[in-house]
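> What follows is each chain in one-letter form.
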Amino acid sequence: MKSRPKLLWLQGVTCNGNTHSFLNYPHLSYILETFEFLYHPLLPATYTLEEIASCTQQCDILIFEGAYDPRMMRAGARMETLVQHYGSSATTIIAAGSCASFGGMFKQSDPEYITGLGFDREIAKGPFAKSPKLINLSGCPIHPEWLGYTLRMIADNKVILIDEMHRPKELYAYLAHHGCTRNEYFEWKVDADQFGTKEGCLFYKQGCRGPMTHASCNKILWNDVSSKTRTGSPCFGCTEPDFPRTNMFETKTNMSIPQDVPLGISKRSYLTLTGIAKSFRIPRLEKRLIDDNT
Amino acid sequence: MTIRKWIERIEGEASVQFEFEKNHVSFATIAFPHSRGMEAILQSKPAMDALVITPRVCGICGHSHLFAAVRAIESVYANCGAPVEISQKAESIRELTLTLELIQNHLKWLYLVIYPELSHLLQEKIADSCRLKGAYAASLATKILAIFAGQWPHSSYMIPGGVTCDPTHVDSIRAEGLLDELIRWFEKELIGITLDEYSHFSSDKAFLTVTGDMEKIEKMLKKAKMHEQGFSYDRYLAMGEHAFSKSSKWVNRRMAKVHSKFVTLEEPYSIGEKTYAKNALYQHNSFETGPLARAMIKGVPFIKQMYRQYQDSTYTRVMARSYEAALLLEHCKKLLHSINLEEPSYIKPLKKITALSGEGIGIVEAPRGSLIHSVILKNGIIDHYRLITPTQWNLSCGSPKTPGPAQKAMIGADSIETATFTFRSFDVCSVCTTH
Ligand code: SF4
Ligand code: SF4
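Quick note, the sequences are listed as chains R and L, same order. Take 0 as the starting number for the first sequence in numbering that gives the first Met the number 0 and just add one per residue. Take 0 as the starting number for the second sequence in numbering that gives the first Met the number 0 and just add one per residue.
It is worth saying that the hints were derived from the structure and are not from the lab. Computed from a predicted model, the values in this text were never measured in an experiment. We put the CB at the ideal spot given by N, CA and C, even for glycine. Careful: at least some of the hints might be erroneous.
[What the hints assert, rightly or not] Facing chain R, according to a computed beta carbon distance under 10 Å, are these residues of chain L, among others:
#, residue
1, E10
2, I52
3, A89
4, D127
5, L131
6, Y135
7, S138
8, T141
[Unchecked claim] What the simulated footprint calls covered on chain L by chain R, stretch by stretch (three residues with Cβ under 8 Å from a Cβ of chain R suffice, anywhere in the stretch; the number is not a length):
#, stretch
9, 2-9
10, 39-48
11, 55-66
12, 142-151
13, 155-161
14, 335-345
Build the full structure now, drawing on both the sequences and the hints.
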């Protein structure tokens, strides 16, 4: 058998959510056949963590889950050493999830020392800052299909285009807003006046970050079936460097105008359009989708 | 002689130091070297943010944390004289998605931990593809969960007053279809008989009809003599109130009421090794929590029968968790049928959350046992948050005089390997233990 690319899955400061999210990937057997897992926290792998910690192996792809704390010890080895050792031999370094990409949730554990692999929030910092090898697959957790895509692109020797935050464009050029079932309510500025309904847009009151968040959650559905906004939860912007924000179930407004407007749209154009859209009353969109329409 | 070992594949690692006397484990200490300070992260955040932050305590049981957090906040409402009204529909959907999280957990544990560890212990090889079966079945469970919760892991769809989703029959029918598929998988791969027959077992003789992987696993457990070791305190605790579990304790073969005021956290015993896990005790005593405890308290006939023969051995503990998956599948089926989609998903609490000051406690049964969130809010801001996770009960590290449940269960093992297997029979989760 041709020798397979060697893959190492290493964990920093994490909840293991990316590991478990990836276990939902429908084509895991393809991944196990195509790559040799030197180590993985749950899947069959060649070495134990202790063996990995001795830094005698080399990997082709390093997948790193969790925030980076250089001082952290893993099975007796310092994280800084582990990451330097495996990162230098790897041709691709994948930051799996928002903690590994930007620091994410667990940067808050110790903000002074903890960062992502190549970014500290949006600033380039960390052991692989500005490294062309670094691919950020942000998201809290990582979407299994996004990692599956990246690994298959690598296996097929295809070029992965990345944005300025090192995220693959084919995944992150979209916004979480794209494909949301509430888009028409957004267009006509009809808000969901409360939680628990399939009608209305969550942008105005419930804190939805969909139009400001690079993510394809409403295109490549979660667990193949749904997404936050489809089930009435606001997007929390979990793929962005500023995740987690505070007051995540509420839209910040100034004089009842949302503080942040959709990405790349000037506040003026947004407000002009809103003014026009709001001047119409559209009974169909004000009624319940199913119950009231007779 | 003392031997230190890193135990991994437990949602992180633990360092266990085994003491041997006459070739048997005489004592063991358990240390968890990492902590993320979740409680500190929660400090000073708006209450609702706990619904986003606490699921990140744990990648495998985050949904249980979400449920505990929402119950804790709702209990603050109640304690402030403004109880939150919740529809039966929202209650059922919450219970359904929690149950599905338990199922995915148990199936992953069985196929990715127990089965391979047994094969390692007995030197009987199993195919890698076999482990993937567990991931496949778990992904079916999380798919159903995501129909209601949007995604798994890390959904935040439970909010004070109900749930955010507003499913139609298209959704519930899809969920039923997927659940059927999962049950068919369970019957074909795991048990070889129908779920209905299996979940109504009343004696362990009935187990003779089981084929599939469960038959192999059971045989391997016996072959590894797991029915003759791993005995712990024979004291059980389940504190979360659910249709599938009763809040109670079981001591000296007697059931008794429980109250959260008797739960204390104590410093772990350590022999010069840093550990971040605090011991959870009830009336200053160690209790086992989790599927075996739930089965003992609820009185699951098949497990009680097994218990009569093999007490709280590692065998019984493993069987109880595996068997619970079957009972929970049945439970899911009933829940899905019972949900009345006409009811509201969400009933807006009368009081604004920013006007809320007071204490609250939320308790749920997570995959590994009783999970407790307590919170103090001041004007809707978190002033104090305390998490007590199931593994803090089971994996607590006491002194040689007062070992925790897993420590006690490992005493007497004839090798590090068998002791480690017993350790794993508690379904250890490192990230939850220290959080
Ligand atoms: S709910 Fe969010 S993602 Fe959906 S349309 Fe509104 S703003 Fe966009
Ligand atoms: S919808 Fe938003 S918060 Fe949810 S997973 Fe996608 S990017 Fe993250």
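> Now tell me, hint by hint, if it's right for this structure.
To see whether the hints hold, each was checked on the structure:
1. A least Cβ separation of about 5 Å between E10 (chain L) and chain R falls short of the 10 Å threshold, and the interface hint therefore holds.
2. A hinted interface residue such as I52 (chain L) counts as satisfied when its beta carbon comes closer than 10 Å to some beta carbon of chain R; here the least separation is about 7 Å, so the hint holds.
3. With a least beta-carbon distance of about 8 Å to chain R, the hint placing A89 (chain L) at the interface is held under the 10 Å criterion.
4. Because the beta carbon of D127 (chain L) sits about 5 Å from the nearest beta carbon in chain R, less than 10 Å, this interface hint is met.
5. With its C-beta approaching chain R no nearer than about 6 Å, L131 (chain L) sits inside the 10 Å limit, and its interface hint holds.
6. Evaluation of the Y135 (chain L) hint against chain R yields a held restraint, the C-beta minimum of about 8 Å falling below 10 Å.
7. The interface hint given for S138 (chain L) holds, since its Cβ lies 4 Å from the closest Cβ of chain R, which is under the 10 Å cut-off.
8. A hinted interface residue such as T141 (chain L) counts as satisfied when its beta carbon comes closer than 10 Å to some beta carbon of chain R; here the least separation is about 5 Å, so the hint holds.
9. Taking a C-beta to C-beta cut-off of 8 Å, the stretch 2-9 of chain L contributes 3 residues in contact with chain R, enough for the three needed, and the coverage statement holds.
10. Using a Cβ-Cβ cut-off of 8 Å, 6 residues of the stretch 39-48 of chain L lie near chain R, which meets the minimum of three, so the contact claim holds.
11. Check result for the stretch 55-66 of chain L against chain R: holds, 6 residues qualifying (beta carbon to beta carbon below 8 Å, three or more required).
12. Chain R is given as covering the stretch 142-151 of chain L, and this holds because 9 residues of the stretch bring a CB closer than 8 Å to a CB of that chain, at least three being needed.
13. Only residues whose beta carbon comes within less than 8 Å of a beta carbon in chain R count, and the stretch 155-161 of chain L has 5; three or more means the coverage holds.
14. Residues of the stretch 335-345 of chain L lying with their CB closer than 8 Å to a CB of chain R number 3, which satisfies the three-residue condition for coverage.
The structure agrees with every numbered hint stated previously.
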